[in-house]
Amino acid sequence: MLQAATKQTIQQKPRKSNNKLRIKNGLIGWSFITIATLMIGLFYFYPMAQALILSFQSGAGSNLQFVGFDNYIRLFTDPTFIAAVKNTVTYLIIQVPIMIILALLISVLLNDKKLKLKGFFRTAIFLPCITSLVAYSVVFKYLFGSDGIINQMLINFSLISEPIQWLTDPFWAKVTIIIAITWRWTGYNMIFYLSALQNVDNSIYEAAKIDGANAFQQFFKITIPMLKPIILFTSITSTIGTLQLFDEVMNITKGGPGNATLTISQYIYNLSFKYTPDFGYAATVSYAIVIMIVIFSIIQFKVAGDKNA
Amino acid sequence: MHKIKRTFIYSILSIFAIISIFPFIWMIVSATNKSVDVTKGRLLPGTHLVENFQNLLNTVDLVPALVNSAIITMATTVLSLIIASLAGYGFEIYRSKAKDVVFTILLVSMMIPFAALMIPLFRMFGTISQIAPGIGIDTLTSAMLPSITTAFLIFFFRQNTKMFPRELLEAGRIDGLTELGVFFRIFVPTMKTTYAAAAIITFMASWNNYLWPLVVLQSPENHTIPLLISNLGSSSSPDFGIIMTTIVIATLPTALIFFLLQRHFVAGMMGSVK
Numbered sequence: 683m684l685q686a687a688t689k690q691t692i693q694q695k696p697r698k699s700n701n702k703l704r705i706k707n708g709l710i711g712w713s714f715i716t717i718a719t720l721m722i723g724l725f726y727f728y729p730m731a732q733a734l735i736l737s738f739q740s741g742a743g744s745n746l747q748f749v750g751f752d753n754y755i756r757l758f759t760d761p762t763f764i765a766a767v768k769n770t771v772t773y774l775i776i777q778v779p780i781m782i783i784l785a786l787l788i789s790v791l792l793n794d795k796k797l798k799l800k801g802f803f804r805t806a807i808f809l810p811c812i813t814s815l816v817a818y819s820v821v822f823k824y825l826f827g828s829d830g831i832i833n834q835m836l837i838n839f840s841l842i843s844e845p846i847q848w849l850t851d852p853f854w855a856k857v858t859i860i861i862a863i864t865w866r867w868t869g870y871n872m873i874f875y876l877s878a879l880q881n882v883d884n885s886i887y888e889a890a891k892i893d894g895a896n897a898f899q900q901f902f903k904i905t906i907p908m909l910k911p912i913i914l915f916t917s918i919t920s921t922i923g924t925l926q927l928f929d930e931v932m933n934i935t936k937g938g939p940g941n942a943t944l945t946i947s948q949y950i951y952n953l954s955f956k957y958t959p960d961f962g963y964a965a966t967v968s969y970a971i972v973i974m975i976v977i978f979s980i981i982q983f984k985v986a987g988d989k990n991a
Numbered sequence: 002m003h004k005i006k007r008t009f010i011y012s013i014l015s016i017f018a019i020i021s022i023f024p025f026i027w028m029i030v031s032a033t034n035k036s037v038d039v040t041k042g043r044l045l046p047g048t049h050l051v052e053n054f055q056n057l058l059n060t061v062d063l064v065p066a067l068v069n070s071a072i073i074t075m076a077t078t079v080l081s082l083i084i085a086s087l088a089g090y091g092f093e094i095y096r097s098k099a100k101d102v103v104f105t106i107l108l109v110s111m112m113i114p115f116a117a118l119m120i121p122l123f124r125m126f127g128t129i130s131q132i133a134p135g136i137g138i139d140t141l142t143s144a145m146l147p148s149i150t151t152a153f154l155i156f157f158f159r160q161n162t163k164m165f166p167r168e169l170l171e172a173g174r175i176d177g178l179t180e181l182g183v184f185f186r187i188f189v190p191t192m193k194t195t196y197a198a199a200a201i202i203t204f205m206a207s208w209n210n211y212l213w214p215l216v217v218l219q220s221p222e223n224h225t226i227p228l229l230i231s232n233l234g235s236s237s238s239p240d241f242g243i244i245m246t247t248i249v250i251a252t253l254p255t256a257l258i259f260f261l262l263q264r265h266f267v268a269g270m271m272g273s274v275k
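Protein chains in written order, with the working numbering: chain A, 683 to 991; chain B, 2 to 275.
Keep in mind the hints are simulated off the structure, nothing from the lab. Mixed in with the good hints there might be a few duds.
[To be verified] Once the Cα atoms are required to be at most 25 Å apart in a straight line, the calculated PhoX-like pairs of lysine-lysine come out as:
| id | chain 1 | residue 1 | chain 2 | residue 2 |
| --- | --- | --- | --- | --- |
| 1 | B | K163 | B | K193 |
| 2 | A | K795 | A | K856 |
| 3 | B | K4 | A | K798 |
| 4 | A | K795 | B | K4 |
| 5 | A | K903 | B | K6 |
| 6 | A | K910 | A | K795 |
[Unchecked claim] Not everything, but these chain B residues come out facing chain A in the computed CB check (under 8 Å):
| id | residue |
| --- | --- |
| 7 | F25 |
| 8 | W27 |
| 9 | I29 |
| 10 | K100 |
| 11 | F241 |
| 12 | I250 |
| 13 | A251 |
Model, not experiment: these values are computed from the prediction. Ideal Cβ placement from N, Cα and C applies to all residues, glycine included.
The following block holds chain A by itself, in its conformation from the complex (with noise of 0.2 Å):
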């Protein structure tokens, strides 16, 4: 008996130190990110749930009173909302895909074995994403000043004989913002497609080349659909950023003229700190950029998705 009951404990005392252990390690596991979790839930989950609270909310400053759907009702007609959202697209629909095509040229162009100067083009073109956004909107409201060089330029080379409105023209404003943004992040684009392209195998476009295929046929047969996961990685990430665009509208046109440049940011920016505070109906702006970001990605992903099948 005696002997049964000491196998019994030791057959149980390293099981017990065993769980211990595991429970151990487990906290120790958890204690590793606690940190990092209660950050994120305090300034990102939280806040959320707080401008869904406030999305049904009205009134000035801090006296705020539940009003239901009225906010999303009066989404749908309030001119300068539907004016942020009409450039908001403008900008995505028009900017991110010249943006993307742009990049993807370059850096076919780069990945040629025999160029030289690679490393000069791709340190040129890379350059504009060391610059601070407010930067280089400064510097580009100055560039395309009615009397900026941008002007006087194209007037001594006699491509127009008067200046162009760059900043104070609706639709030249507009044109002005998609070009600074182009500027600032087709090298940042690029980077990653050289990357991608590094590891596509060169005896595919050898292959390609034997059978007769011409630079463009390789581009779209081979390129596009070898660079398919990494272009549209980078068209999400250029949508979300498109979708909060701020810096740039606010330091080059301040939305202007008129709201014709206005972004959705901008126009949350303009209802909470700049008119009389409604905190409640910018949360609910804020909450049309959030679907706008959902319903983006999932299009881009539904685009990605039926061109693989």
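With chain A fixed as given, assemble chain B onto it according to the hints.
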């Protein structure tokens, strides 16, 4: 035929390179010229850099803004790296189903636009102001707190932890190090390049952060460099010499980091798609 193609490729790349560099050249040249000459479209370097710099120091609060930006950027970078690397390491080394769920939830925060957080955060810091004014609205702490922890950086560290050799952990444990000891004595020194890349991403984001500081830092003495540049840029009678000198100074730190640490710079940027 081949020669024509070559020339074509070189001319296209040259055009893009010139477009990319031109604003920099204009900015630097303008910093050395008088405001009047900048308006006239002068594209040659001038001799007024020192004069612009002195005018800048006399008329603009550049030094306080530089100090504020430096404090915020340094503190954010150090704290971000510690918090995110601890978490990335924790999620990967002590992997469990429950932690993977938490990780996925954290990743969702990357989709949340800052504009949606801005108002609740502003109200939150308004409440904090009444309890602890030292970290409430219009303090440097309030300007950095929300951006210290990002899911992106946690993700970045987790991805890189995957490449960390586990045998080193076991060796450390056998040598009697605690779990935290293993992290600080073995993981951190081994992953220097990951930390360098993460430091660069965080430094850039923090140094250039605009919207939240604009909302929360109201008194001019708390302004950071982006706020200063934005204010100069919206002035009704801008002095181009002074503004461009300020922008050049503000761009120097990031330019230096880029040229000295180009490899880490690109590694940091690419970290998200490994």
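Hints versus structure:
1. With a C-alpha separation of about 15 Å, the suggested pair K163(B) and K193(B) falls inside the 25 Å cut-off, and the hint holds.
2. At most 25 Å may separate the alpha-carbon atoms for a hinted pair to count; K795(A) and K856(A) exceed this at roughly 38 Å.
3. Note on K4(B) and K798(A): the hinted pairing holds, with a Cα-Cα distance of about 14 Å set against a maximum of 25 Å.
4. Restraint check for K795(A) and K4(B): the C-alpha separation of about 16 Å stays at or below 25 Å, so the hint holds.
5. The hinted pair formed by K903(A) and K6(B) meets the criterion: a straight-line CA distance of about 21 Å does not exceed 25 Å.
6. Proposed proximity of K910(A) and K795(A) is supported: the alpha carbons are some 22 Å apart, at most 25 Å.
7. About 7 Å separates the beta-carbon of F25(B) from the nearest beta-carbon of chain A, less than 8 Å, and the hint is met.
8. A cut of 8 Å between beta carbons decides the hint on W27(B): the least distance to chain A is about 6 Å, and the hint holds.
9. Below 8 Å, beta-carbon pairs count as interface contacts, and I29(B) has none with chain A, the closest being about 11 Å; its hint is therefore violated.
10. Against a cut-off of 8 Å between C-beta atoms, the interface hint on K100(B) holds, since the closest Cβ of chain A lies about 7 Å away.
11. A hinted interface residue such as F241(B) counts as satisfied when its beta carbon comes closer than 8 Å to some beta carbon of chain A; here the least separation is about 7 Å, so the hint holds.
12. Checking I250(B) against chain A by beta carbon gives a least distance of about 10 Å; that is not within 8 Å, so the hint is violated.
13. At about 6 Å, the closest approach between the beta carbon of A251(B) and any beta carbon in chain A falls short of 8 Å, and the interface hint on this residue holds.
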